[in-house]
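Going down the list, the sequences are from chains A and S.
Going by the working numbering, the first sequence opens with residue 1, and the numbers climb by one from there.
Going by the working numbering, the second sequence opens with residue 1001, and the numbers climb by one from there.
Rather than coming from a laboratory, the hints here were simulated on the basis of the structure.
Ideal Cβ placement from N, Cα and C applies to all residues, glycine included.
Some clues are possibly wrong.
[Said to hold, decoys possible] Taking lysine-lysine pairs in the DSBU-like style, the calculated list, with each CA pair at most 35 Å apart, reads:
#1 A:Lys213 with S:Lys1048
#2 S:Lys1091 with A:Lys213
#3 S:Lys1091 with S:Lys1048
[Claimed, not checked] Reference listing, derived: stretches of chain S covered by chain A, where coverage requires no fewer than 3 residues with Cβ under 8 Å from a Cβ of chain A:
#4 1067–1081
#5 1111–1120
This is what each chain is made of:
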Amino acid sequence: MAGVVVKGRFPRRRLIQVVATNLVRHLFGGAARSWARNFGSTAPALGSMTLLLLMAGLVGLTGFALHNLEQVETGQASLLHVYLRDDAKPTDVAALWRHLLNDVRVAGVTYVNKDQALERAQRIPGLPQLADATESNPFPASLDVQVKKIDDVAAIDALVRYDVAVDPVYPTSYDEGAYQRIQAVLFGTAVAGFALLSLLGFVAVTVTMNSIKAAIHARRDEITIMQLVGAPRWMVRGPFVVEGAITGAVAGIVAGLVTFGLTFTGITAAAGAFVRFAPGVTVTVAAAAAALVLLVGLALGSGSSLISLRRHMET
Amino acid sequence: MRPIVEFAGVTRVYGSRVALDDVHLELLPGELTFLVGPSGAGKTTLLKLINREIRPTSGQLWVAGMPAHQLKSSRVAELRRRVGVVFQDYKLLPRLTAAENVAFGLQAGDLKVSDEEARDRSVDALEAVGLGDRGDAFPHQLSGGQQQRVAVARAVVGQPQLLIADEPTGNLDQETAWEMMALFQDIAAWGTAVLVATHNVDIVTRLQRRVLTLVHGRLVRDQPAGRTGRMAWLASS
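Next comes chain A alone, as it looks inside the complex (with noise of 0.2 Å):
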């Protein structure tokens, strides 16, 4: 014959300690478990996901280069080089300055003599030869205009082409259309990169959720009996959303080393050609670069799971 059920009630001690440690234990350590055991049905949505991740990386920040290159481009667009006539007297050249200074839509006139013009040149690639290979200094003197809109720099140029002052062969530095050709390209880069990242991880989120639910059907014995007993309902869904999460924060790691090791190293291997041609990417931008995409590698884990369970799992 079998006893009784005992009714007695037992000491609640050490409360906080004692909660703390189931939930650390049921959260995370069921959910590590779990990951661990399932690792062949997780491998997938860790490959995808950190490819999405790697590639959100270097997209990011290529994209970040580029915004600043943008606004490089910008700001020389709006700057209009005047080129004076080596025999242009004083006087004209002083009233045309005067004539743009007290145009509204000028911000600021530079005198650039000769001598500076030559000096600017030479900074630039390619151009100290051209200026080392003849005698006489072949750059112009001429007047920098900073327009305030670049959508007035058109205006300028019309303003100024046939000032007596003005070289007549080559009078500014104004290239109809060149700054629409950088727009072009930026948002044509741009949008190829929304879409590799869109589909890219749509396949991420995709495979993360059918991890889930793997995890989730080897588990369904455990769920059933943890939803009758009276586990409340975020007891039952937290390991899973955390197995996601370990899932994003793995792929996140790694994906976060390889961008912040591929930027590291390119800024170290070649540090001219990256200001020049990713101008604002420091090493400080790469990390936080790599934090970003474990962020956001932790936040799809769980989010991709959270899917998963509402799809899923019965209440």
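Position chain S against the provided structure of chain A, taking the given hints into account.
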């Protein structure tokens, strides 16, 4: 005495099929009640309603003082902690020992239970079901009857007000089935309402406890304890 379970005109419909039709009944603390009827009569539906696995289509259902008919999802766990459940297939986790299975049921439902307390209460519950010396055994090392006892220990270790069992003797031989019934009587004697859905006519007839008979979703007979009645549903099954 306030009822632990109260059905008031409860109907449950699956699509166009009526699984439970306008059921009125009450279960009192300390009462061992059998739920009988042919297959498809609505026994499992009735148990699922009590454990709030499903909601009634209409009517009111109160379980341990909680309105199961309008209970929010966020409060379902609270209700289930007041109801112990035993299944025909035991539903033990194979990688855990008997004691760990019982403790799992306790700690999954209540984070405030320490390992030490869970161990103590698991041992007590296992002793109560006559398995005090098999706590370290894994389910595959136990007989069917012993596994069902572990499942009962897991169901009652949280001291629920109500224990429901769906065909708990379905996989057991007659002798073991009688042992299980003795266990349910003990649990009821300590004030827990026990509702057992079963096809075992012999046990129902000889124990002379309260018998609820469901046929085609309708509660056709509520036979009080101490009476020996004809199993009306046998004729229709």
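Status of the hints after comparison with the structure:
| no. | hint | result |
| --- | --- | --- |
| 1 | A:Lys213 with S:Lys1048 | holds (25 Å) |
| 2 | S:Lys1091 with A:Lys213 | holds (21 Å) |
| 3 | S:Lys1091 with S:Lys1048 | holds (16 Å) |
| 4 | 1067–1081 | holds (count 8) |
| 5 | 1111–1120 | holds (count 7) |
Violated hints for the displayed structure: none, as all numbered hints are satisfied.
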